[in-house]
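Asker: The opening position of the sequence shown corresponds to residue 1 in my numbering, with each subsequent residue numbered one higher.
These are calculated hints, taken from the structure and not from any lab test. One thing to keep in mind: the hints can contain errors.
Between beta-carbon pairs, the in silico distance windows are [stated by the list, open to error]:
| no. | residue 1 | residue 2 | range |
| --- | --- | --- | --- |
| 1 | 140 | 49 | 23 to 29 Å |
| 2 | 69 | 115 | 14 to 20 Å |
| 3 | 126 | 14 | 18 to 24 Å |
| 4 | 74 | 139 | 20 to 26 Å |
| 5 | 37 | 116 | 24 to 30 Å |
| 6 | 12 | 44 | 35 to 41 Å |
| 7 | 13 | 139 | 19 to 25 Å |
Below, a list of computed lysine to any residue pairs in the SDA-like style, where the Cα atoms sit at most 25 Å apart [said to hold, decoys possible]:
| no. | residue 1 | residue 2 |
| --- | --- | --- |
| 8 | 105 | 45 |
| 9 | 105 | 55 |
| 10 | 105 | 57 |
| 11 | 105 | 139 |
| 12 | 105 | 23 |
| 13 | 27 | 44 |
| 14 | 27 | 129 |
| 15 | 27 | 115 |
| 16 | 105 | 83 |
Backbone N, C-alpha and C fix where the C-beta goes; we use that ideal spot for every residue, glycine too.
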Amino acid sequence: MAAQTSSWFFWALLSAFFAGITAILAKIGITGVNSNLATAVRTTVILVFTWGIAFATSGIAPLQLFTRRTWVFLILSGLATGLSWLCYFRALQLGQASRVAPVDKLSVAFAIILAVVFLHEHLTWQQCAGGALIVAGAVILAL
1 MAAQTSSWFF WALLSAFFAG ITAILAKIGI TGVNSNLATA VRTTVILVFT WGIAFATSGI
61 APLQLFTRRT WVFLILSGLA TGLSWLCYFR ALQLGQASRV APVDKLSVAF AIILAVVFLH
121 EHLTWQQCAG GALIVAGAVI LAL
């Protein structure tokens, strides 16, 4: 159990670190350009990068194992990600990265609420308290 916990936590921490770097690099990169075009360039890089990793680690054969349901939800997730990125880049273009990034992290609070509503996950007092602190922190940092 402890090994599994440290594994997901390690990867989640790396995700947060790279997301923080992303905000700074994106803010610098979108100076003087259309934010939607900048998002398209970023997405193309991600597309090539992730397909390269997927092919190197598992090949294409496992795609045959995907069910219709898997495809539908991955496509919907991709559309939501794309909308998120378009909005994020526009917000970065208009605002300070140190204010935009914390508001973007309200996605954590939304994810907690949506997990309870749609996935029927049990909400603990720690999740409630942590979610409330994230919301409070985002509001304070955005002001």
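Asker: For every hint, state whether the structure bears it out.
Answerer: Here is how each hint holds up against the structure:
Taking 23 to 29 Å as the suggested C-beta distance range, the pair residue 140 and residue 49 does not conform, at roughly 35 Å. Distance hint for residue 69 and residue 115: a CB-CB separation of about 18 Å, consistent with the stated range 14 to 20 Å. Under the hint 18 to 24 Å, the C-beta atoms of residue 126 and residue 14, about 22 Å apart, fit the expected range. A hinted range of 20 to 26 Å for the beta carbons of residue 74 and residue 139 is inconsistent with their spacing of about 33 Å.
For residue 37 and residue 116, the Cβ-Cβ distance of about 37 Å falls outside the hinted range of 24 to 30 Å, so the restraint is violated. Judged by the Cβ atoms, the range 35 to 41 Å given for residue 12 and residue 44 is violated: they are separated by roughly 26 Å. At roughly 24 Å, the beta-carbon separation of residue 13 and residue 139 lies within the given 19 to 25 Å, and the hint holds. For the given pair, residue 105 sits about 23 Å from residue 45 by alpha-carbon distance, which is consistent with the 25 Å threshold.
Among the hinted pairs, residue 105 with residue 55 is inconsistent with the structure: their alpha-carbon atoms are about 31 Å apart, more than 25 Å. Distance check on the hinted pair: residue 105 and residue 57 sit about 30 Å apart at the alpha-carbon level, beyond 25 Å; violated. A C-alpha spacing of about 11 Å is found between residue 105 and residue 139, which places the hinted pair at or below 25 Å, so the restraint holds. With a CA separation close to 12 Å, the supplied pair residue 105 and residue 23 stays within the 25 Å bound.
Our distance criterion of 25 Å between C-alpha atoms is met by residue 27 and residue 44, whose separation comes to about 18 Å. With a C-alpha separation of about 31 Å, the suggested pairing of residue 27 with residue 129 is violated against the 25 Å cut-off. A C-alpha spacing of about 31 Å is found between residue 27 and residue 115, which places the hinted pair above 25 Å, so the restraint is violated. For the given pair, residue 105 sits about 15 Å from residue 83 by alpha-carbon distance, which is consistent with the 25 Å threshold.
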